[in-house]
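Asks: Note that full-length UniProt numbering has the sequence shown beginning at 1, numbered continuously upward.
Hints may be right or wrong, so weigh each one.
Listed next, the in silico DSS-like pairs over lysine-lysine satisfying Cα-Cα at most 25 angstroms (straight line) [unchecked claim]:
(1) LYS177 / LYS201
(2) LYS32 / LYS125
(3) LYS201 / LYS331
(4) LYS334 / LYS201
(5) LYS177 / LYS344
(6) LYS345 / LYS442
(7) LYS283 / LYS207
(8) LYS345 / LYS331
(9) LYS334 / LYS283
(10) LYS207 / LYS397
(11) LYS402 / LYS442
(12) LYS389 / LYS207
(13) LYS125 / LYS316
(14) LYS125 / LYS142
(15) LYS201 / LYS283
(16) LYS125 / LYS398
(17) LYS331 / LYS207
(18) LYS331 / LYS316
Because the hints were derived from the structure by calculation, they are not lab data.
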Amino acid sequence: MASDSSSPQMVFDEPEVIMEDGQVYRNPTEVKMSQIVLPCHANHRTELSVGQLLKWMDSTACLSAERHAGCSCVTASVDDILFERTISVGQVVNIRAKVNRAFNTSMEVGVMVSCEDLYSNSHWKVCQAFATFVTRTTGTEKVHLKQLVPFTQREQVEYSVAAERRRMRLLHVDIMKDLLNSTTFQRSIDEDDGDGQDEEKEVSTEKTRVESVELVLPPHANHQVSTFGGQIMAWMENVATIAASRLCNAHATLRAIDMFHFRGPSQVGDRVILRAIVNNTFKNSMEVGVCAEAYMGEEPQRHINSAFMTFEVLDKDGSPRLLPPISPEPKDGKRRFQEAIARKKIRLDRKYIISCKHTEMPLSVPWDPSNQVYLSYNNVIALKMLAAKNKWVLSSKKNNVKLFTLEENQTLSFRVESEVNVPAARVFLLLSDLNRRPEWDKNYHRQCEPVVNVDEDDVIYRVVTRSVSAGGREQDFILLASRRAPCDRGDPHVIALRSVTLPTHPPTDCFTRGETLCAGFTIHQLSPSACRINYYNQTSPGVVPYIAADIAGLSSSFCSIFLSCHQFLMKNRTGSSESSSTAL
1 MASDSSSPQM VFDEPEVIME DGQVYRNPTE VKMSQIVLPC HANHRTELSV
51 GQLLKWMDST ACLSAERHAG CSCVTASVDD ILFERTISVG QVVNIRAKVN
101 RAFNTSMEVG VMVSCEDLYS NSHWKVCQAF ATFVTRTTGT EKVHLKQLVP
151 FTQREQVEYS VAAERRRMRL LHVDIMKDLL NSTTFQRSID EDDGDGQDEE
201 KEVSTEKTRV ESVELVLPPH ANHQVSTFGG QIMAWMENVA TIAASRLCNA
251 HATLRAIDMF HFRGPSQVGD RVILRAIVNN TFKNSMEVGV CAEAYMGEEP
301 QRHINSAFMT FEVLDKDGSP RLLPPISPEP KDGKRRFQEA IARKKIRLDR
351 KYIISCKHTE MPLSVPWDPS NQVYLSYNNV IALKMLAAKN KWVLSSKKNN
401 VKLFTLEENQ TLSFRVESEV NVPAARVFLL LSDLNRRPEW DKNYHRQCEP
451 VVNVDEDDVI YRVVTRSVSA GGREQDFILL ASRRAPCDRG DPHVIALRSV
501 TLPTHPPTDC FTRGETLCAG FTIHQLSPSA CRINYYNQTS PGVVPYIAAD
551 IAGLSSSFCS IFLSCHQFLM KNRTGSSESS STAL
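With these hints in hand, go ahead and build the complete structure from the sequences.
Replies: Right, dumping it as structure tokens:
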């Protein structure tokens with residue numbers, strides 16, 4: 001994912017953890033690489049070639065994956081990479097990689113790249129990436145990976161959110177298709193076409209077309225004679241840079257690479273054909289599409305990879321230059337032109353929803369079908385990160401219901417914990433149906449109705465709650481509810497809630513519009529017939545009045561609500577597992 005994401009930043013310089021034997025803990029899958037940038041690694045601006053950096057990143061990540069798997073691994077995909085800074089000749093590149101989570105046959109490897117200036121002793125972040133690796137098998141049987149056991153709090157967070165990142169990767173292609181088929185999106189493109197750009201200043205995309213061939217030699221391959229994924233990426237970056245530079249007759253700087261998947265392997269002896277062309281320009285940036293195909297002898301060409309790279313052209317002051325509009329070729333050129341616009345919108349959605357820190361985001365984010373996946377991702381990740389914090393303070397306890405608080409960065413959060421003799425899966429189905437919450441939560445007794453059934457895991461509700469003051473107006477909330485079943489044994493069930501805005505449900509004078517930044521439930525199975533429930537809420541001004549008296553020790557309403565929830569769950573502990581499956 002892009003750097004600075006709301007998914008937790010990979011921090012390798014977290015405080016040292018001392019184990020029981022007195023040794024400093026180090027992640028067993030962590031691999032480090034340090035390289036001094038020489039002229040042979042640099043471009044004509046004496047900056048490290050991004051292609052070379054990608055090779056180093058891929059090699060480091062692959063060694064980390066193989067350390068965990070105990071066998072050869074290959075790159076399956078790489079998430080978005082945003083390059084924040086450049087690296088000059090003479091500076092040192094430090095790369096650290098570690099496995100965040102292993103699934104059945106694939107694993108996510110996190111890579112952090114930083115730069116070090118030996119003369120000033122300064123350090124800065126360059127980029128981070130999340131890559132997916134799979135084991136390389138010689139037979140037909142797949143290698144099932146051993147599960148990773150997170151040790152530190154940071155590792156626990158990365159382990160938890162890796163499942164959500166995996167879910168978004170699997171939906172990536174569908175997001176693009178849905179947006180291109182959207183009538184609203186097509187209408188916006190037609191309106192842009194009618195703006196009437198100056199055709200005389202348009203540059204034909206044919207001018208930017210590049211084709212090049214590479215012969216895969218032993219130095220380009222790993223110990224299993226398969227071409228390094230990083231080498232393929234480096235060759236693709238080379239032809240993409242040429243295409244981007246041809247547009248303005250000036251050197252282009254790579255700023256970002258979109259998420260991509262390797263479609264097939266390559267090996268020593270292959271001829272790899274690389275094609276690149278500028279798909280579209282957006283004032284100060286351009287998208288270049290690159291395709292890599294391989295063949296050997298007279299066999300047909302096979303598609304290895306496609307990638308989309310964002311470039312800028314900098315002026316002498318280092319600021320992005322204004323780029324000319326392009327004139328796409330008919331048919332395929334027009335299709336690529338429109339798809340580039342769609343990818344730009346997706347990038348902006350990801351940057352706004354995923355890449356922003358929670359403190360920089362408004363409480364309610366506008367919802368629409370095109371950004372739903374990223375809102376859902378952000379919703380679940382925020383709750384998982386809140387649940388992973390370890391500085392919760394027990395404020396009160398009554399009837400085995402515990403209230404914890406957490407003050408951090410001038411934000412107050414609370415957590416309510418209880419156990420119930422009901423199977424975790426059943427509790428998950430009952431609590432994820434907000435239609436039934438008025439049956440046990442007195443704050444929800446006014447109204448709770450679904451307004452948008454997004455999919456089987458996400459629903460948007462309008463909730464009306466009681467007034468917190470005598471004679472005051474009731475509050476209403478527009479809440480996105482996202483639920484996730486466990487990805488692996490030991491994972492909790494998750495029900496995440498956050499406020500969104502809908503044009504069909506604007507604030508009205510009859511209600512005070514409340515907002516929820518982060519709230520929801522985690523449900524951990526204790527035994528086949530019992531579970532532990534945690535409710536979390538990162539408080540906003542509209543939520544504080546409901547819990548303030550409890551936190552101050554002047555009330556125990558939280559206890560009575562949770563006891564009511566307990567009774568509700570016990571009363572409905574049996575029933576069809578499918579009865580609530582359509583609630584979200």
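Asks: Quick one, are LYS345 and LYS331 close enough, alpha carbons at most 25 angstroms?
Replies: holds (22 angstroms)
Asks: Against the 25 angstroms threshold, does the CA-CA distance of LYS283 and LYS207 hold or violate the hint?
Replies: Between LYS283 and LYS207 the Cα gap is close to 19 angstroms, so the pair holds against 25 angstroms.
Asks: With a cut-off of 25 angstroms on the C-alpha distance, tell me whether LYS201 and LYS283 pass.
Replies: Holds - the C-alpha atoms of LYS283 and LYS201 are around 13 angstroms apart, at most 25 angstroms.
Asks: Is it true that the CA of LYS389 sits at most 25 angstroms from the CA of LYS207?
Replies: violated (53 angstroms)
Asks: Taking 25 angstroms as the top limit, are the C-alpha atoms of LYS125 and LYS316 close enough?
Replies: holds (24 angstroms)
Asks: Taking 25 angstroms as the top limit, are the C-alpha atoms of LYS334 and LYS283 close enough?
Replies: Roughly 18 angstroms between the alpha carbons, so the hint for LYS334 and LYS283 holds.
Asks: Does the structure keep LYS345 and LYS442 at a Cα separation of 25 angstroms or less?
Replies: Violated, because 41 angstroms separates the two Cα atoms, which is more than 25 angstroms.
Asks: Between LYS177 and LYS344, is the straight-line Cα distance small enough, at 25 angstroms or below?
Replies: Holds: LYS177 and LYS344 sit about 14 angstroms apart, inside 25 angstroms.
Asks: For the pair we were handed, LYS207 and LYS397, check the Cα-Cα distance against 25 angstroms.
Replies: violated (71 angstroms)
Asks: Compare the distance between the alpha carbons of LYS201 and LYS331 with 25 angstroms, and conclude whether the hinted pair is satisfied.
Replies: holds (21 angstroms)
Asks: For LYS177 and LYS201, compute the direct alpha-carbon distance and say whether it is at most 25 angstroms.
Replies: The given pair, whose Cα atoms are some 31 angstroms apart, is violated under the 25 angstroms limit.
Asks: Quickly compare the C-alpha distance for LYS331 and LYS207 to 25 angstroms and report which way the hint goes.
Replies: holds (17 angstroms)
Violated hints, listed in ascending order, are 1, 6, 10, 12, 14, 16, 18; each of the other numbered hints is respected by the structure.
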